[in-house]
Amino acid sequence: MKKFRSLKNKSRSFYIFIAILLAFIAVGQFNWMRYLTHGPGPTGSSDMVPWGIYISGLAYFIGLSAGATIVGLVHHGFGRHDYQPIAIRSIILGLVCIFGATQFVLVDLGVPFRGLKVPIILHNLTSLFLVSSTSYYGFMGILGAELFFSIKVITGKASPREAAISKWLGILAVPYALWVVHAFTGSIFGVVKAREMWNTPMLPVHFVISAIASGFALAIMAGVIISKAEKRDLLGPETYNHMGKLLAFFVLLTVFLDFFDYFILRYSAKLEAMETWDIITTRYITTFVLNIGGLVTAFIMLLYKRWRTANGLLVVGAIIQIAIISYRINLVSVGQLAPLFPGMGHIQYIPTFSEITVALGIIAIVILLYTVLTNVLPVEEIVEKPMHQVRDFGRGFGKAKEAFAESGHMAETFGRGFHKRE
Amino acid sequence: MKKINRREFVKLASVAGASTFMPEPLKVLRDAIGQIFGTGQHSKVEYVPKPVTNAKFGMVIDLGKCMGCRRCAYACKRENNVPDTISPPYIMVFETESATGTTGHFASPEMMGRGTTMYYTKLRKDKWYMPVQCNHCDNAPCVQVCPTGASYKDPDGYVLIDYDKCIGCRYCMTACPYGARRFNWWEPHVPHDRQNPLVPMRRHGVVEKCTFCVHRTRRGKFTRCVEVCPNKARTFGNFNDPDSEVRKLVENERNFRLKEVLNTGPRIWYLTKPKEKNMQWYRPLPPFDNLRGIMHEKI
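Quick note, the sequences are listed as chains A and B, same order. Each residue of the first sequence is one higher than the one before, starting from 1 at the first, in my numbering. Each residue of the second sequence is one higher than the one before, starting from 1 at the first, in my numbering.
Source of the hints: derived by calculation from the structure; they are not laboratory data. Some hints could be false.
Result set (DSSO-like, lysine-lysine): computed pairs, CA atoms no more than 30 Å apart in a straight line [stated by the list, open to error]:
id, chain 1, residue 1, chain 2, residue 2
1, A, 10, B, 11
2, A, 270, B, 273
3, A, 270, B, 259
4, A, 193, B, 11
5, A, 117, B, 27
6, A, 193, B, 56
7, B, 50, B, 65
8, A, 270, B, 127
9, B, 153, A, 117
10, B, 122, B, 153
11, B, 50, A, 117
One chain only, chain A, in its complex shape (with noise of 0.2 Å):
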């Protein structure tokens, strides 16, 4: 394999970069510090509403992972080979988000340390927090896996046994996060017959599709961030567009189910549906104007091609991961704002300073590990030819095996790198 990258000898910016994560990962960790010592006092929640934006941050950062897997699934198993640049760094992408999709679920606990015995030493077998938990570990593993196997094929010390394991974990990576990880943690929510918003077989679908959405549109963001601030073209075009079309088709079917979702919830109209229903529409409208307005919007930009470039991506991404996030407060949030009981009062749930610093610093390490690991890391193969001149449409898994019998090796096949920008 070939030697590890260095971070030297980046520019100015980089460091200055690197120095503003550190300040908000040390200003979280200060804070996080507070609640280990006197308890989670200083956070929003409260017995009446026990889960706020650490949970709503779990439920995204899991969302996302799943963009690795889209990714993957696109390169190997529909043999799009001009995804290949963003490939590796799609599995990292997925590898830092379940990462600190852990830290979300580690600083809310009330006894954390506790929490690390969860699946091994203490275990509930009936506990979908207990099957979704152990989940991100073999998802962990997975990625883990298919991230040695591919830099070994990059780096052209793949063996054809090891270049086929990598892509066949690509593939099964798919169901295994779809099925298992991200459905299951949907269901942690579904399964709650307490909460009218949460007890529907709808939500793990729902979980499933926006995390697709969310997390293809993160890697297509990083893929185009990444360009930009190293001023070359990773992806061609024609990717673009495709990636493009992908992304609606995903964003369509989260918009279904939404409508859905909240259709149903006022149609039925009952005691605590209608409860929810009001609060949605009152206190939480914002949330629920940019999410379903959010999703809508990104849908109509990508029907036109001109959005459907580096540019176009990266504020369609935007508004996608904006609509996403704030579907998944809305759906911690106001789930439980309901009151289980009339009379209760007016229950509220407003996250306080310290609680946004713990979680702004959790999204910082994900940024840094990201930033680190993928300049670290060999994560593309550089050729001079620029890939989506040479990429292979449509190459189903047949023609994929007798490219690769042909070829005798994975890196000629699939890897490929950048061209200077003119």
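Based on the hints, put chain B in the right spot on chain A.
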């Protein structure tokens, strides 16, 4: 004054920073090691007597006798070492209109009207009062969702929490349809001379709730709320005993359980008898304040 170079400045700053924050990390480290390797400060066996064989405990609350004086809530708080940082404590008492106005019978909490409140300060004879606490459900959702097995159901009917296993994820709190569980958002403080030695003090970051006074009831006493109720609205007993008072009340009187549609199998039955005519009306204890996460108008 001697100039200090950058290296020295960094050294000094590190020492200053470390000395400022060192006690906290050390405390956290000690606590972390205790959480991972420690057996915990309160063993379940020591404080919780063994389950009673062939018994199934439960409670009956007669709404016709309850006048909403909140004595049960205050006594419970004192008995179970509930700190002031937990508010409302284990028992919430609601004031509500009669659901079926003509008969004057309280039908069910699902029909409670908008005028319902738990912040009343004066008692009214035309209103109904309903205490709500942990129902010790037979199919308890909190036990089902607990990832560590800290919440568990005993064969004699109690739903209890092992504070040495609880990781404070609060999944049980979101899953409980009765809002009966409380979290220690701060380190709980109860003056030493007011602490009940039979009940362990919890640490911050764990969940707690009504235990049906397991430390008393498994030793043959009644729960504290049953003892203090001035109108004897509450009855506690063994449902497996055909001669027990609770069994007779539930078999012979009209009753309901909270949110039965959810199939949680609550072990608290509410009797909907007409209001007791000779009931004693006492001055109510004040409503609980400093409520975390709830805004309410003072009445």
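Now for the hints, and whether the structure bears them out:
1. A/10 x B/11: holds (26 Å)
2. A/270 x B/273: holds (28 Å)
3. A/270 x B/259: Holds, at about 14 Å.
4. A/193 x B/11: violated (57 Å)
5. A/117 x B/27: The given pair, whose Cα atoms are some 20 Å apart, holds under the 30 Å limit.
6. A/193 x B/56: Distance of about 25 Å is within 30 Å: holds.
7. B/50 x B/65: violated (33 Å)
8. A/270 x B/127: holds (25 Å)
9. B/153 x A/117: holds (22 Å)
10. B/122 x B/153: Given that 30 Å is the threshold and the Cα spacing comes to 38 Å, the pair is violated.
11. B/50 x A/117: holds (26 Å)
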